[in-house]
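S.K.: Residue numbers (my numbering), protein chains in the order written: chain A, 1 to 671; chain B, 672 to 819.
If you're looking for bench data, these hints aren't it; they were derived computationally from the structure.
One or more hints might be untrue.
Using 35 Å as the maximum straight-line C-alpha spacing, the simulated DSBU-like pairs for lysine-lysine come out as follows [stated by the list, open to error]:
(1) A:309 to B:769
(2) B:716 to B:766
(3) A:309 to A:414
(4) B:766 to A:414
Output of the computed footprint for chain B on chain A, the stretches with three or more beta carbons under 8 Å from beta carbons of chain B [claimed, not checked]:
(5) 176-182
(6) 357-365
(7) 380-388
Far from chain B, by Cβ distances over 10 Å, these chain A residues were calculated [said to hold, decoys possible]:
(8) 85
(9) 227
(10) 313
(11) 342
(12) 400
(13) 521
(14) 551
(15) 580
(16) 582
(17) 602
Each residue gets a CB set at the ideal place from its N, CA and C atoms; glycine is no exception.
Each chain, written out:
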Amino acid sequence: MIPELGQTALLLALAVALIQGTLPLLGAARGHEAWMRLARPAAQAQCALVTLAFVLLAGSFVRNDFSLLYVALHSNTSLPLAYRLAGVWGGHEGSLLLWLTMLCGWMLALAHFSRQIPLPVLARTLAVMGWIAAGFLLFMLATSNPFERLVPVPPDGNDLNPLLQDPGMVIHPPLLYMGYVGFSVAFAFAVAALIGGDLGTQWARWMRPWTSAAWSFLTLGILLGSAWAYSVLGWGGWWFWDPVENASFMPWLAGTALIHSLAVTEKRGAFKSWTVLLAIVAFSLSLLGTFLVRSGVLSSVHAFATDPKRGLFILVFLVVVIGGSLLLYAWRAPKLGLGARFDAVSRESMLLLNNVLFVVAMASVLLGTLYPLLLDALGLGKISVGPPYFDAVFVPLMAPVAFLMGVGPLARWKRAELPAIALRLRWAAAVSVVAALGAGWLAGRITVAASLGLWMSAWIAASIATDLWQRLGPANPAPPRARLRALPRPVLGMLLAHLGVAAFAFGVSMVKTYETERDVQMMVGDSTEVAGHVFTLQGLQRVAGPNYDAVQALIAVTREARPVTLLRPEKRVYRVQGTPMTEAAIDHGLTRDLYVSLGEPLAGGAWIVRVYCKPFVNWIWGGCLMMALGGALAASDRRYRAKQPRTAATADAHALPDAACGTVHIAGAAP
Amino acid sequence: MTPRGRRAVVVVCVVGALGGAVALVLNAFRSNLVFFYSPSQVAAKESPAGRSFRLGGLVERGSLQREGLSVRFLVSDTVRQVPVRYEGILPDLFKEGKGVVAQGQLGADGVFVAREVLAKHDENYMPPEAGAALARARAGQLPVEVSR
């Protein structure tokens, strides 16, 4: 009964989505207000129906209802409850449903927080999202139905992939999808602007908080994925340039370019058509990422051949969405115009350079990820592109980005003077060079790569300090608390996110250069020393988990004869699938992680043990967290939700008072 | 400078940055591509000397030898075998008789020195390269030229 109910809910949702996609759009074209007003309730109804389907599927996982094929494939009675819930998105069909639920959540939020948006724009935007939902619903119902029955009902399920049985994996996919799907709002605004032929820059203002919010979620999602890889895969790396990771990184790069170009469009009215194109690209890459990861095409391009219907649908859907929106763009974008002019040295030109670099970075990831798949699909041989390629590309691309990150926020819009900026940043430059060399000296070794990375980090931090000093320091006549309150949230968010990049760069440089790794053979009682810490294997014991059996090692860590911690790495075998798994033990710290994982047992009771000391590795994720918080802070600015005066709706951003962009203090403080 | 001159400066800067970045990417791409070879191809001396490549196939049953941290095993496509040496911890799903992909260089003594050994996350999953090597050998055809 339950599965049929779920399926019916999805069918009804499809009907509602089709209504939402057509009537409001027609209404907006013909000025038919009642039809336009349909967009909001349609979005709400669709959200209710899809959420119902999602809850029903989750309920089937909780009740161990193995009469559902999907539940039988991804769950088991001995699986703990949290992982049974995570099983809802542990496979292809369920993750599509999760994607759709997220989309409905964003639609509902847009329908709710949109009082300042004119009805025709909202109607078009929700209609575009309705079409996306319709496409996904059709795909699910036609090829990947999570409510498919299994006859006869098996006594127990096939269990969730043990790699996914980790707390990080429970929340990683929902956050990642929140980010992926969030870009659909930016996409819908952009397409709606193209359809409506709206020539102003108001859409940039409406789109901005949504894009920042989506970007924050995506950042958090990638952060968790990376932390999961670090703790679960047992190799101690935090990024592998694996196609699955690249699939989430490409929309992030495009999204980062988008939030920067949106700033220019909103404040200055420039880059209009470029911003629209980036919004289309960011969402297209989100779609591509979803399908790359979940269609099985990455493990083998011939996975499509096992279910040609699915592969064909995906290809057609991608072609329709990406091709259709690009065609619309080619037709309408020339109308958007070039926007405001700016000088060769100005904040605009620096943000333009930022965009060029991010787009090239994104394209290089795309090339490295898709080219091997393409060659294979065409039968031209098998190649792979590994981390050396991405490392060789990213360092030279990101170094100028880091440099610009220090200069850009201090440059004035429209026209800036290089000598003035250089004068204001002279202390930041000096401090950052000294700090980079000093940190290398303290860590014991000064290398070119480490110095470059540390310098980038210190440069960003020092320029933020300079920026804040000039905004809040004695040059500002207002009382200190008022000065702080006068800082607009988007500016604070930007500074926090940039500081996050500094923390990230610091963590990466420290780990890459100064980590120590050792694979050793250990018997009970043996010790080994890594980075001043002595690791002693005190004993081995068998432990039984809810759905696995494990050998657990007890490894005591001491430093200068004082106990530091007791680590318990495990080698598990999951009972249902018989899969072995390495569970690393990590002692987290602000300045270093101690990481121990068990390799293989050897003859005579010895084990191969991998011992790492990773300095400042948590700064990598701390930095990502700061970036995400910065994005959230920027998105939360109340001004984005304020109703604009009627006259501003058609005016170019040129006419907007400069106070809105929060650069007025700095312009005044400049020598 | 005239507005037109300034605009030209912006255009030149952007095009220059773009061109430089693209050249960097393509160069890095070309020098870091890793090609794949099957044991039969390695036996026929088609694999490059002094350059990393991937070798895929099955771990020959009974060939695994461990001495402390160093491991030796044979990778087979059921027709030919290539001896492989590796230092370190093998992945969880590495097993005799199962698919494997090793990345490294072929030594002068004909032993493949692996710097990385991959076996994937799923018990039933055959690394694509390993599957391809077996399919090729099974078809009895001479190894297909891998694109350069």
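S.K.: Give a verdict on every hint.
M.R.: Outcome of the hint check:
no.: 1; hint: A:309 to B:769; result: holds, 30 Å
no.: 2; hint: B:716 to B:766; result: holds, 27 Å
no.: 3; hint: A:309 to A:414; result: violated, 52 Å
no.: 4; hint: B:766 to A:414; result: violated, 63 Å
no.: 5; hint: 176-182; result: violated (count 0)
no.: 6; hint: 357-365; result: holds (count 4)
no.: 7; hint: 380-388; result: holds (count 8)
no.: 8; hint: 85; result: holds, 21 Å
no.: 9; hint: 227; result: holds, 18 Å
no.: 10; hint: 313; result: holds, 23 Å
no.: 11; hint: 342; result: violated, 8 Å
no.: 12; hint: 400; result: violated, 8 Å
no.: 13; hint: 521; result: violated, 5 Å
no.: 14; hint: 551; result: holds, 13 Å
no.: 15; hint: 580; result: violated, 4 Å
no.: 16; hint: 582; result: violated, 6 Å
no.: 17; hint: 602; result: violated, 7 Å
The structure is inconsistent with the numbered hints 3, 4, 5, 11, 12, 13, 15, 16, 17, although it conforms to all the rest.
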